[in-house]
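**Q** Starting from the known structure of chain A, fit chain B onto it as the hints suggest.
Which chain is which? The protein sequence lines are A and B, in order. The numbers in the first sequence follow the working numbering, run straight up by one, and end at 432. The numbers in the second sequence follow the working numbering, run straight up by one, and end at 326.
Careful: at least some of the hints might be erroneous.
Which residues of chain B face chain A? A few of them, derived with a C-beta cut under 8 Å, are [stated by the list, open to error]: (1) Phe-14; (2) Trp-22; (3) Gly-25; (4) Ile-215; (5) Arg-217; (6) Arg-320; (7) Ile-322.
Only pairs whose alpha carbons sit at most 25 Å apart, straight line, appear in this in silico DSS-like list of lysine-lysine [what the hints assert, rightly or not]: (8) A:Lys-234 with A:Lys-420; (9) A:Lys-420 with B:Lys-324; (10) B:Lys-324 with A:Lys-417; (11) A:Lys-125 with A:Lys-190; (12) B:Lys-12 with A:Lys-283; (13) A:Lys-155 with B:Lys-324; (14) B:Lys-13 with A:Lys-409; (15) B:Lys-12 with A:Lys-39; (16) A:Lys-100 with B:Lys-13; (17) A:Lys-65 with A:Lys-124; (18) A:Lys-16 with B:Lys-316; (19) A:Lys-282 with B:Lys-12; (20) B:Lys-316 with A:Lys-420; (21) B:Lys-13 with A:Lys-283; (22) A:Lys-39 with B:Lys-13; (23) A:Lys-282 with B:Lys-13.
Derived CB-CB ranges, DEER-like [stated by the list, open to error]: (24) B:Leu-74 with A:Asp-47: 49 to 55 Å; (25) A:Asp-47 with B:Ser-17: 26 to 32 Å; (26) B:Cys-184 with A:Asp-221: 48 to 54 Å; (27) A:Gly-238 with B:Val-325: 14 to 20 Å; (28) B:Met-52 with A:Asp-221: 55 to 61 Å; (29) B:Gly-174 with A:Arg-18: 52 to 58 Å; (30) A:Arg-312 with B:Val-325: 39 to 45 Å; (31) B:Arg-77 with A:Met-6: 31 to 37 Å; (32) A:Ala-432 with B:Ile-313: 37 to 43 Å; (33) A:Ser-345 with B:Val-325: 40 to 46 Å; (34) B:Arg-77 with A:Glu-430: 38 to 44 Å; (35) B:Leu-74 with A:Ser-10: 35 to 41 Å.
Please keep in mind that the hints were generated in silico from the structure rather than gathered at the bench. Just so it is clear, the structure is predicted and the values come from calculations on it, not from any experiment. A virtual CB, placed ideally from N, CA and C, is assigned to each residue, including glycine.
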Amino acid sequence: MIKKSFIGLAKPRLMYETLESLLPEPQNIAIPEKVTLLLETDPALLSGGQGSIKEKDKVKTGQKLTLSEQNAEYVIATVTGTISSITPFVGNFGKQYVAISIATASDEEINDDFAKVAKKNSFNGIRDFLLSCPGGIPSPLFSDNRGNVKTLVVCGIDKDMLITTSQHMVKADMNSIKDGIDILKKATKAEKIIFVVPRHLQHEASAADASIKIIDLQYPSALPRMIMKDVLGQVVPAGRSCEDLGVFFISAEAAASIGTAFKNAVIPLNKKITVIKKDGTATVVSARIGTPLSNIFNALNINLNERDRIILGGPMTGSTVYSADHPVLPDTDAVIIQDSLAIPSVSDYPCINCGECIRMCPVNVPINMLVRLLEAGLYQEAADEYDLMACIDCGLCAYVCPAKIPIFQYIKLAKYELARLQIEEEA
Amino acid sequence: MINAKKFTVSHAPFWHDGSGISSRSYNTMIAALPAIIAGLLLYGMPALAVVCLSISSAMIWELLMNLATRRPISIGDGNAGVIGILLAMLLPAGTPWWIVITGTFFAVVIGKEIYGGIGSNPFNPVVVAIAILMVSWKNFFDFDQALLNYDLNFVMVYPLAALKHFGTSAIDGFTICDLLMGKQMGGIGSTFGLGIIIGGIYLIIRGIIRWEISVSFLAGIFITALLFNISDPARFAGPFFHMLTGYTLIGVFFLATEDSSSPVNFIPMLIYGAGAGVMTVLIRNIGIYIDGVIFAILVMNLLNPILDKIRPRAIGKVG
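Chain A extracted, bound-state conformation (with noise of 0.2 Å):
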């Protein structure tokens, strides 16, 4: 944990982790003896009993599993074995999922449904089967609205401190992400493909076939919303985000899974994650999609005692979790262990007007103001007055502040709280 310095005038400055020198291979996790995939969805789809899954059916590797034929959410099945359960699952924010447990069977069969698309068409083949590929691709990048992609970025740093998953994406395999970005570029026909990088990795990127964009080493310089105002030079209105501006982002990863994909006919199952222990040491770890953590852990030693903290994702934005059974998701970048006497307190102390969140603030939110609203729930007045829709999400405000206020919690719930209240209007 970086610490304030003595001298408290000037500011702290984050520094994203840098990977200079070529790195060992990822230790490999062997495959589990259970999987489980979560399919986002509304599990309510469950009850109708039609689904075209169900328990103890045989499922291969590589193939694809929907609720039903109308649903076109997908997860593709890991491993090869047979479903063991399908049960509902509540992530963060009431998000839901349907969870999908695989035992694993003792030979690995390989579905070749991919195989036959991706020879045709390389939009089809990604839409209907690689949007749960290691690195996650937003669905709504191959949504059927074509033609609205104007830019795609390809990030190669990854959005928090202390992971270096794309980063080393990028110097390891570097080949699958040139393919992919050119597979991108057909597929999505984006006007623009940038490909952002740290300045050490300028030489490696390079390759690609997409302008290449250096980007600043301190945070929150790599979140999404930043490059787009001092990357591409385009500040995104409060309330919009940037796929309304026609702006995706995509992780080197997820280009590497799409360039391997279609090399080999076969869609990649293995997710990287960078593993930060509780002393600080980083390892990068690649393990099937679905595999729950505890087969990490175990796999690098690590133990984990009560009240410590499982964060997936990094230090500033990432998320955490109740169970060491909690699958590897393809947007995992990052597990971070915390010891229990090394996590810092929040208290439900008042503002006190110091200031240090306004000097922090990248985008010049009022947040001493802002915190007095939110805390009396005051939502709409936040949003109206206090720019609560123009704050990124980067969570600076809540590392600085001396009172130690959850701000960033506050920020996200009146988030979430608004967007709620919207869908009801509007239903």
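**A** Okay, now just chain B, sitting in the frame of chain A:
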């Protein structure tokens, strides 16, 4: 699942820079020490009694309010201690015990707790308390009278009072060096200019007070006092005299910079500081009060919410 380990689940960010309200308070106290120690050496036990009584009574008032309002005990954050220490710095040595206790009551209860505690006070609690005391018991704040029993090795008149009543000819005896070294009458911790400046710079470097306020406050005093001095050198003292006497320095570094009652945006901080500086000299030179710092800060505290509306446009703001 029943036997599974329980993990801590909470929202991002998972790091914190380790700053805290209590460390801010304790650092403020450390910064106040040079000036206080100088005052104690000068005035001896009566000054020590005032300081101790002020700190302890401020903390007791806070504790009583916590109990009365059934809120968590908050004396551990050190804010009440800071209020007590700052109030004592403004009082003359030998202030009667009941004035000290009334003062801390006004500061902690009327100045802070009734608004909801730390962070919610519209005015600096210490300044509110001193203003009430000054208006209510004028004689105890007449330093010439309060410190009558002391005969130290420097001119035993309160510089600002001498200036007010007799013009600049009366202050010829004060050199800048003497004023800076604390060879002047005044509050226990408000005369040793050098010590206060060292404390202030420490707070600025640690990032606990906002330098913009202090610098613009001094600039406001300097420019206004200079203009007055040029217009009538016989009546109005020069800028350095104003900067080193009365409550100026303690106001600049410890009072005007109080978090809750001062702005946080850059331009408002400059206006706030400069406004307080200008008001200070105006009150001293053409107002009826001898020292204007307290009332100047109160007026600027009042303007703070309006001033702080001047803020940079949020990036991405619509409309």
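**Q** Could you tell me which of the numbered hints above are not met by this structure, giving the numbers in increasing order?
**A** Those not satisfied: there are none.
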